[in-house]
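Could you slot chain S with the ligand onto chain C? The hints should help.
Listed here are the chains, written in short residue letters.
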Amino acid sequence: MAASKKTGSARQARIAKALKAAFRRELATRGDDAVKIRVCAGTTCNASGRAAVSCALAAELERRGLTDKVQVVLTGCHGLCQEGPIVVIHPRGVFYPRLKAKDIAEIVETSVVGDEVVERLLYTDPASDEKIALEKDVPFYKGQTRLVRAINGSIDPTSIDDYLARGGYGALATVLAADEPEAVIDEVERSGLRGRGGAGFPTGKKWRFCRQNPGEKHYVICNGDEGDPGAFMDRAVLEDNPHSLLEGMLIAAFAIGGDEGYIYVRHEYPLAVARLRNAMDQARERGLLGADILGSGFSFDIRINQGAGAFVCGESTALTASIEGRRGMPRGKHIRTVAHGLWGQPTNLNNVETYANVPWIVTHGADAFRAIGTETSKGTKIFSLTGKVRNTGLVEVPMGATLRDVIFGIGGGLREGRTFKAVQLGGPSGGCLPADLLDEPIDFESLTAAGAMMGSGGMVVVDDTTCMVDFAKFFLKFTAEESCGKCVPCRIGTTRMLEILERIAAGEGTVKDVERLEQLADDVIEGSLCQLGGSAPNPVLTTLRYFRDEVMEHVVHMRCPAKVCRPLIRYTIDTEACTGCHVCFGACPVQAISGERKEPHVIDQKLCIKCDTCRQVCKYDAVPVETGILAVAEGRQQ
Amino acid sequence: MVAPQTEELRVEIAGLVDKLGPGRSSLIPILQDIKHRHRELDSETMQVVAEMLDIHPVEVYSVASFYAFLHGAPQGAHVIRLCGTLSCDFAGKDAVADALCDELGIGFGETTADGQVTLEWASCIGMCDQGPALLVDDEVRTRVTPDDARAIVAACRADEGRADA
Ligand SMILES: Cc1cc2nc3c(=O)[nH]c(=O)nc-3n(C[C@H](O)[C@H](O)[C@H](O)COP(=O)(O)O)c2cc1C
Chain C
1 MAASKKTGSA
11 RQARIAKALK
21 AAFRRELATR
31 GDDAVKIRVC
41 AGTTCNASGR
51 AAVSCALAAE
61 LERRGLTDKV
71 QVVLTGCHGL
81 CQEGPIVVIH
91 PRGVFYPRLK
101 AKDIAEIVET
111 SVVGDEVVER
121 LLYTDPASDE
131 KIALEKDVPF
141 YKGQTRLVRA
151 INGSIDPTSI
161 DDYLARGGYG
171 ALATVLAADE
181 PEAVIDEVER
191 SGLRGRGGAG
201 FPTGKKWRFC
211 RQNPGEKHYV
221 ICNGDEGDPG
231 AFMDRAVLED
241 NPHSLLEGML
251 IAAFAIGGDE
261 GYIYVRHEYP
271 LAVARLRNAM
281 DQARERGLLG
291 ADILGSGFSF
301 DIRINQGAGA
311 FVCGESTALT
321 ASIEGRRGMP
331 RGKHIRTVAH
341 GLWGQPTNLN
351 NVETYANVPW
361 IVTHGADAFR
371 AIGTETSKGT
381 KIFSLTGKVR
391 NTGLVEVPMG
401 ATLRDVIFGI
411 GGGLREGRTF
421 KAVQLGGPSG
431 GCLPADLLDE
441 PIDFESLTAA
451 GAMMGSGGMV
461 VVDDTTCMVD
471 FAKFFLKFTA
481 EESCGKCVPC
491 RIGTTRMLEI
501 LERIAAGEGT
511 VKDVERLEQL
521 ADDVIEGSLC
531 QLGGSAPNPV
541 LTTLRYFRDE
551 VMEHVVHMRC
561 PAKVCRPLIR
571 YTIDTEACTG
581 CHVCFGACPV
591 QAISGERKEP
601 HVIDQKLCIK
611 CDTCRQVCKY
621 DAVPVETGIL
631 AVAEGRQQ
Chain S
1 MVAPQTEELR
11 VEIAGLVDKL
21 GPGRSSLIPI
31 LQDIKHRHRE
41 LDSETMQVVA
51 EMLDIHPVEV
61 YSVASFYAFL
71 HGAPQGAHVI
81 RLCGTLSCDF
91 AGKDAVADAL
101 CDELGIGFGE
111 TTADGQVTLE
121 WASCIGMCDQ
131 GPALLVDDEV
141 RTRVTPDDAR
151 AIVAACRADE
161 GRADA
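Chains C and S, in that order, give the protein sequences. Counting along the first sequence from 1, when you hit position 469 you're at 469 in our numbering, and nothing is skipped either side. Counting along the second sequence from 1, when you hit position 12 you're at 12 in our numbering, and nothing is skipped either side.
This is chain C alone, in the form it adopts within the complex (with noise of 0.2 Å):
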């Protein structure tokens, strides 16, 4: 016992000695009381100037020697996307959107070399209206309660330097040094997590039974496969914090016995695979990536696989076969992928989100993490709030945060004279919910009882000017575009819903298609094979559930209430308040409108393809939509 104790604890000495020689100090970016500056270099910020942002920046403070003084570090996103690029100056933490690069000599000079802020370039809070100088009071931020995103926005993604300064890979070492697989899976078990790609399956049971079965070898898969349309969060934490996602890897394999893993990219993330790339690099440089990781005898390595094109390959059979080579098409749920996965063998498959949370969960304890959420949701989960609200970006809360929290609160509301119509959560395979659940709280249970789901987080605000059932079109046009054809229920029913739809919105449907399209539903979702077509059909449920009254006034009386079903629409000009100004006569793509300057205009109906554009174009809200039997009457006779 004692002898055992004593090589415990060399091992411990060992594993933390080469932890610590991991850690180059001094390449790591100074610590937030420091004077340094931030200068978000996610997706966004870059496609909206960061660049030019930055180099202003390095000439102004080498301009004013002030280069060796003045830290400025690129960090990952900030979350609050719409406003970039940002830039944040510490150590008091002031907040500069929408960043340009005539602007940089002033704010060096009055936040850098000063002590004050430039008023004129100040976050105006959109709910308020009043300014906000510094990062930690913007209410985007001041309402979350990030756990995974902790560090995102201040640390360098390309740095491993900056994650190991702040404790990075320490949960890592504490479980190799500790040398107990099995805990580890009962700690994890413990903190309640479960996967954050959709399904919510408690991680720990996940790993447990994955490293109970036998193989000849146990493979890791991470999931970034991340197609819903709305949704990215997973790209932000590749993007942002590519350590912690191999951190949480490296544990997982540690704890189920498994030296091969893989990261499965979508195409459409070109700079979440290099900043992956860089950071597995990195990790193998530093010994914690490879063979012997730390000096403990674990090995394990990881490599990229990018999809192409595939949606479905986000399922975890198709995923598996994709990296095998093959068509990614799932296969029948007797097979368990944590039994039979890649090739043939245990695997074990998780979100990206679920792996992130692994370090935390280590670190702080299953009890911490456990005391965020609900009864049977634990932790935080990240959105990806956009649409019509007035912030838009990544947002993490606790579960059990309700929508109105995430969408009024963080989010701020809808944007000026607009009211809240829907939300829709959890992309093609999730479902829209009216004004009346906005107090719901946002947990896995919660919101599979209301017809939704969790999904993988992407959240769609919509107002009074969407059409629900052109939504629902949308959705349903996207997963019977994506279904893999495999199975019946799923190639051609999610196909005949949509024709349904599309009747509906023509405005040729009947009370019987309404029924059909229910029915239609109901078998798609029990004869599909995999849970795309299993939950192709929700979208349009829920939009049956809620906005029936909506769907019945298309059929019925041919009306588009929102005014955005073409065939049941026309537009026509209010000849009171039209001036003959003329500007939509040159305006018009077909010269449908005629009439004299001065003299009020008229649309030939005959021409009009309902572009909108007179509409968009007119300064006098001269050009009335109309819609019901009588606009659509007319047109046809026309």
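Be careful, since some hints might not be right.
As the list claims (entries may be wrong) - Far from chain C by the CB rule (all over 10 Å, computed), these chain S residues: (1) Glu7; (2) Val11; (3) Pro29; (4) Arg37; (5) Asp42; (6) Glu44; (7) Met52; (8) His56; (9) Gly105; (10) Gly115; (11) Ala122; (12) Gln130; (13) Asp138; (14) Ala154.
As the list claims (entries may be wrong) - A short, non-exhaustive set of chain C residues, derived as facing chain S with CB atoms under 7 Å: (15) Pro229; (16) Arg235; (17) Glu268; (18) Pro270; (19) Ala308; (20) Thr386.
Unchecked claim - Sample of chain C residues at the chain S side, in silico, Cβ under 7 Å: (21) Ala47; (22) Cys81; (23) Ala310; (24) Gly325; (25) Arg327; (26) Gly393; (27) Thr495.
Hints listed in this document are in silico derivations from the structure and should not be mistaken for laboratory results. Since the model is a prediction, treat every value here as computed from it, not as a measurement. Note that beta-carbon positions come from the ideal geometry of N, C-alpha and C, so glycine has one too.
Just chain S with the ligand now, with coordinates in the frame of chain C:
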């Protein structure tokens, strides 16, 4: 008699097999690499790949035809892929699509006659809060206006080929 370009192709594919390994799992990465460099996968290429990986050519075709990014007509020197997703719809994607088609004189899924630019739809590229978004080859562009779209087309026209190809 083997045509010289076939010989070149064989050398190239042999190099990829060397780098990625001769296993079945190298199939998709090999096809991706060839598609990226040559902008198309023709049947001859697929046959050589099949032979070198020791799998049936039909298997190679079956895989290539499954994945959106592997199959299809030859692509142009540059590929513009506009995000076709709904958040980009809200942001005015249609006007950008029209500007692209107009400027290029082609529709989506087509390549200009000079082989310079291919226009395609992309599945969500995850820039949902920054729409309309598009990819020019591997570069992400956000909040694209119809004017930006025209400028992007002009830049593609003026440029010889993909920097990364
Ligand atoms: C059509 C389809 C697409 C999917 N796409 C993804 C995806 O992009 N990312 C993901 O993590 N899971 C996706 N999933 C869920 C996976 O099958 C799997 O449940 C998940 O990756 C398991 O990881 P987790 O337990 O950590 O959530 C998809 C499922 C289906 C049916």
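Which numbered hints are broken by the structure, listed smallest first? Checked against the structure, the hints that fail are numbers 3, 11, 12, 13 and 27, while the rest are satisfied.
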